[in-house]
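Residue numbers (our numbering), protein chains in the order written: chain F, 20 to 147; chain S, 4 to 611; chain U, 9 to 184.
Worth flagging that the hints you see were computed from the coordinates, not collected in a lab.
Beta carbons are placed, not taken as given, at the ideal position from N, Cα and C, and that holds for glycine.
Treat the hints with caution; some may be incorrect.
[Unchecked claim] Covered stretches of chain F, going by a simulated chain S footprint (3 or more residues, C-beta under 8 Å):
1) 74-87
2) 114-123
[Unchecked claim] DSSO-like mimics (lysine-lysine), calculated; alpha carbons at most 27 Å apart, straight line:
3) K128/U - K212/S
4) K128/U - K324/S
5) K56/U - K136/S
6) K449/S - K31/F
7) K95/U - K135/F
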Amino acid sequence: MAYSDKVIDHYKDPRNVGSLDKNEKNTGTGLVGAPECGDVMKLQIQVNPDNNQIVDAKFKTFGCGSAIASSSLATEWVKGKSIDEAMSIKNTEIVEELSLPPVKIHCSVLAEDAIKAAISDYKKRSEG
Amino acid sequence: MERIIGIDLGTTNSLGATVYEEGPEVIEASGESTITPSVLSLTDKGWLVGEEALNDSISNPDKTIFSVKRLMGRSLKDLENIINELPYKIIEGQRQLIKIKIGEKEYTPQELSAEILKKIKMNAESVLGETIKKAVITVPAYFDDAQRQATRDAARFAGMEVARIINEPTAAAIAYGLDEKKDGYIAVYDLGGGTFDISILKLSGKIFKVIATHGNTQLGGDDFDSLVANEIKKLIQKTHPKLKLNDPESKQILKKTAESIKKELSSSTETSYSMKLPHTELTFDGNFKLEEFENLIDPMIEQTLESCSYVLREANLAADKINDVVLVGGSTIIPKVRKRIESFFQKPPHVAIDPYKVVAMGAGIQGHLLAGGRRDFLLLDVIPLALGIETLGGTFSKIITGNTTIPAEESETFTTNVDNQTSIEVNIYQGERELIKHCRALGQFKLRGIPPMKSGYPLVQVQFRVDANGILTVTANEKRSGEKAEIEVIPFHGLTQFEIENIIEASYENAVDDFNQRQLIEFCQTAERIFRGIEQTWEVAENTLSKDDRDEILKQVESVRQSMQGHDAQVLKTELDVLGNLTRPLADNAMGKTILTELKDNENMIRK
Amino acid sequence: MISDDIDHFELMGLPQSFEIDSEKLEDLYQNLSLEMHPDFYGTSTKEKKILSEKSSVMLNAAYSTLREPVSRARYLMSILTRGVSLKKDDLPEDFLQEMFSLQESLDEMLESCDQSALCKMNEDLLKRSNLIQSNFASLFKKLETSPENTETLQQLQKHLNTERYLRRLLDRINSK
Numbered sequence: 020m021a022y023s024d025k026v027i028d029h030y031k032d033p034r035n036v037g038s039l040d041k042n043e044k045n046t047g048t049g050l051v052g053a054p055e056c057g058d059v060m061k062l063q064i065q066v067n068p069d070n071n072q073i074v075d076a077k078f079k080t081f082g083c084g085s086a087i088a089s090s091s092l093a094t095e096w097v098k099g100k101s102i103d104e105a106m107s108i109k110n111t112e113i114v115e116e117l118s119l120p121p122v123k124i125h126c127s128v129l130a131e132d133a134i135k136a137a138i139s140d141y142k143k144r145s146e147g
Numbered sequence: 004m005e006r007i008i009g010i011d012l013g014t015t016n017s018l019g020a021t022v023y024e025e026g027p028e029v030i031e032a033s034g035e036s037t038i039t040p041s042v043l044s045l046t047d048k049g050w051l052v053g054e055e056a057l058n059d060s061i062s063n064p065d066k067t068i069f070s071v072k073r074l075m076g077r078s079l080k081d082l083e084n085i086i087n088e089l090p091y092k093i094i095e096g097q098r099q100l101i102k103i104k105i106g107e108k109e110y111t112p113q114e115l116s117a118e119i120l121k122k123i124k125m126n127a128e129s130v131l132g133e134t135i136k137k138a139v140i141t142v143p144a145y146f147d148d149a150q151r152q153a154t155r156d157a158a159r160f161a162g163m164e165v166a167r168i169i170n171e172p173t174a175a176a177i178a179y180g181l182d183e184k185k186d187g188y189i190a191v192y193d194l195g196g197g198t199f200d201i202s203i204l205k206l207s208g209k210i211f212k213v214i215a216t217h218g219n220t221q222l223g224g225d226d227f228d229s230l231v232a233n234e235i236k237k238l239i240q241k242t243h244p245k246l247k248l249n250d251p252e253s254k255q256i257l258k259k260t261a262e263s264i265k266k267e268l269s270s271s272t273e274t275s276y277s278m279k280l281p282h283t284e285l286t287f288d289g290n291f292k293l294e295e296f297e298n299l300i301d302p303m304i305e306q307t308l309e310s311c312s313y314v315l316r317e318a319n320l321a322a323d324k325i326n327d328v329v330l331v332g333g334s335t336i337i338p339k340v341r342k343r344i345e346s347f348f349q350k351p352p353h354v355a356i357d358p359y360k361v362v363a364m365g366a367g368i369q370g371h372l373l374a375g376g377r378r379d380f381l382l383l384d385v386i387p388l389a390l391g392i393e394t395l396g397g398t399f400s401k402i403i404t405g406n407t408t409i410p411a412e413e414s415e416t417f418t419t420n421v422d423n424q425t426s427i428e429v430n431i432y433q434g435e436r437e438l439i440k441h442c443r444a445l446g447q448f449k450l451r452g453i454p455p456m457k458s459g460y461p462l463v464q465v466q467f468r469v470d471a472n473g474i475l476t477v478t479a480n481e482k483r484s485g486e487k488a489e490i491e492v493i494p495f496h497g498l499t500q501f502e503i504e505n506i507i508e509a510s511y512e513n514a515v516d517d518f519n520q521r522q523l524i525e526f527c528q529t530a531e532r533i534f535r536g537i538e539q540t541w542e543v544a545e546n547t548l549s550k551d552d553r554d555e556i557l558k559q560v561e562s563v564r565q566s567m568q569g570h571d572a573q574v575l576k577t578e579l580d581v582l583g584n585l586t587r588p589l590a591d592n593a594m595g596k597t598i599l600t601e602l603k604d605n606e607n608m609i610r611k
Numbered sequence: 009m010i011s012d013d014i015d016h017f018e019l020m021g022l023p024q025s026f027e028i029d030s031e032k033l034e035d036l037y038q039n040l041s042l043e044m045h046p047d048f049y050g051t052s053t054k055e056k057k058i059l060s061e062k063s064s065v066m067l068n069a070a071y072s073t074l075r076e077p078v079s080r081a082r083y084l085m086s087i088l089t090r091g092v093s094l095k096k097d098d099l100p101e102d103f104l105q106e107m108f109s110l111q112e113s114l115d116e117m118l119e120s121c122d123q124s125a126l127c128k129m130n131e132d133l134l135k136r137s138n139l140i141q142s143n144f145a146s147l148f149k150k151l152e153t154s155p156e157n158t159e160t161l162q163q164l165q166k167h168l169n170t171e172r173y174l175r176r177l178l179d180r181i182n183s184k
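Can you make the complete structure from the sequences, with help from the hints?
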């Protein structure tokens, strides 16, 4: 099976690890967990309020390699997308891109949930 | 009942044991040492094994092989740390397999190990007077699948089937447990020549169960020797700065000196030594203090106790909950080792059975059980390290966790990544770490025959099954179509079926030789019985046979005796046949019938 | 031949309940092992060998699942929640945030090899885990009289979820 180097990189050298200041305006934080294995994932976005575009994304994940790769890929994908576009990212796309085995599918679900949680947090904060 | 003997195939010493009517005991040849040093040396006449090889080691250092066990199932990378200390050349073969270069020839560790096993087998055959086809062989608890497989291959080369591979500490616990028959937790501390392991077993009712096990396959008494050898080397170089002492002969002499210092210090507080420096006219004399020795080895003992703490945590037990501490391996004779064990477990360890023999005896008892000889105990074994597969990005996904009682079975579902993909390759690993680069590759399997479907749609269920022997087999079926996928396991390590067959074929000549050797032993035993028969009927012969006939019989007895000193079983057989014809008239009376019966047995045996 | 889908309780001949007589389980396991382990069938027919191997696999799986309270609770839950819809990822409020912070502090402790802090965290986590486990018995008992009680099932689910996160931290501490 041949995988593109780009994909494997998400495992070996995950992108966007770190955090944004969660009190800063225009940010949104999603914190999710997987009860199947006890993984915890935090994903944060920074949004340009003028056009609702996600300008930056960071994550920190305590979990297995697949969970880390899924969150790394998720941050890469949301950057540059509008929040509506980001809302439509499906876990199955992550499964396909990372070729996750069935036993690791919950890792991709976690990443999808994290994106949605971060966006709804942003919306709540910007409205309030 | 077909006998299954037990063999302790050790790094420094090996020996066999079996259960006699009186109970378990090591197999002892009369007048010979019970223990065979695990040493080989290649001479013009072939392999020398054991004591003879050891005696040969100083004069033939290039062709003397020690500690083959440390090389079993290992790759060059595994051996990085010790490779410079080995006095022989190791080269890398195909698929990370290592070979030992001796003269112009290359040998796998399995082939060399087989020579030691052959020696044990022959010894057992001559003592027990029967052909040995099966054995229980012991390995350190921490041996992984590749190392266990290598051990099985070695036995095959030696003409034996492995009835079971069992862990050394487990064997020791069986030997003690059956003696004491006390329920509770047993800790087996095994510090041998090349390996260390600690195991916690539970004896409950008639069942032995390994609760947890931990160890280090690259730590043992040999390392104590190396430390001492290094110290001496430094001392020598202080006096003789120009001496490099890196050649095989120097290494061998340093090793021998270090060994004898270690031995001496088991019973005294100081020892002196004197060693000839090779390639010079010089002799070096020195003293070694017990305290100095103890300080040197203490960090290594500490390492073993760290493993003990680890294993207790794993077993969820405090040190004082251990009921019995059993010592195994030559290095546990060192007083400092015993002292530290005693203070760690807060109780004196058991020493009733010779730590050199206890493992072989336990293996012999297990062999007796597997042969159907008893049902009064059961050993429940576990897989030492998790088994699993590589998932993307070099991560290791466990399928069967470590310390699972075997036999065990788990399954995992796989799928395809590309549309119409009809095969999947899966890499199997063993270990406890998260990345496959820290685990051991066991093999690769290909699932073929998956019906063409959209990617991600097939559900291929792969079953990992570990049988009571600890052997992993993998089967698979695609659940949507119900089709069985074929699996081909390609070992990364160890020998392929093809290589095994080649080696067996190449050793065919030797096999003929072994057969000859066995027949020789058997015919000699027959001859002895016939001689006794003749002696007992001689009075009758004097009355019934002419002097010429009797002289001819006596002459023939002499010829048979001479052939018994020779090396050709067929010649001995011919001489025995002649003797048989000459003594036929004696068969008319009762005593003579005994001889005839013996001869008939003999003939049947030859026809077989 | 034993059917493949027989549940662990049935296989051991124990009632389907969280409270089990561990001594009885131990005895059953030992006696059955002494009956069916492959070691006793080395000289038997192929059919007998296969049967003994297969039964031993099932026996080992049942025993190892039922012996530990947490795995027993999870297994029993998997039976009791068949066809029941529960909130699968239910957790106490702010629990995830706390776990995330604990994971971050653990990162620091591991980096600085702070043994005493690691020991303390290990102890605290074990205490919490034991506290959770102490709830299992009474909750499962409640279910025995009213098996359709979704609220109790949900409570158990929550406890089991919590236990998983704590276990994850404990495993991380102890694997170093």
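Now the hints, each set against the structure:
For the region 74-87 of chain F, the assignment as covered by chain S holds, since 3 residues bring a beta-carbon within under 8 Å of that chain's beta-carbons and 3 suffice. Chain S is given as covering the region 114-123 of chain F, and this holds because 9 residues of the stretch bring a CB closer than 8 Å to a CB of that chain, at least three being needed. In summary, the hint linking K128/U to K212/S is not supported, as the alpha carbons are separated by about 32 Å, beyond the 27 Å threshold. Proximity of K128/U to K324/S is assessed by CA-CA distance (about 23 Å); at most 27 Å being required, the pair is judged to hold.
Of the pairs offered as hints, the one joining K56/U and K136/S holds, with about 23 Å between alpha carbons and a cut-off of 27 Å not exceeded. For a cut-off of 27 Å, the pair hint linking K449/S to K31/F stands: about 25 Å separates their Cα positions. Pair hint K95/U plus K135/F holds up; C-alpha atoms about 18 Å apart against a cutoff of 27 Å.
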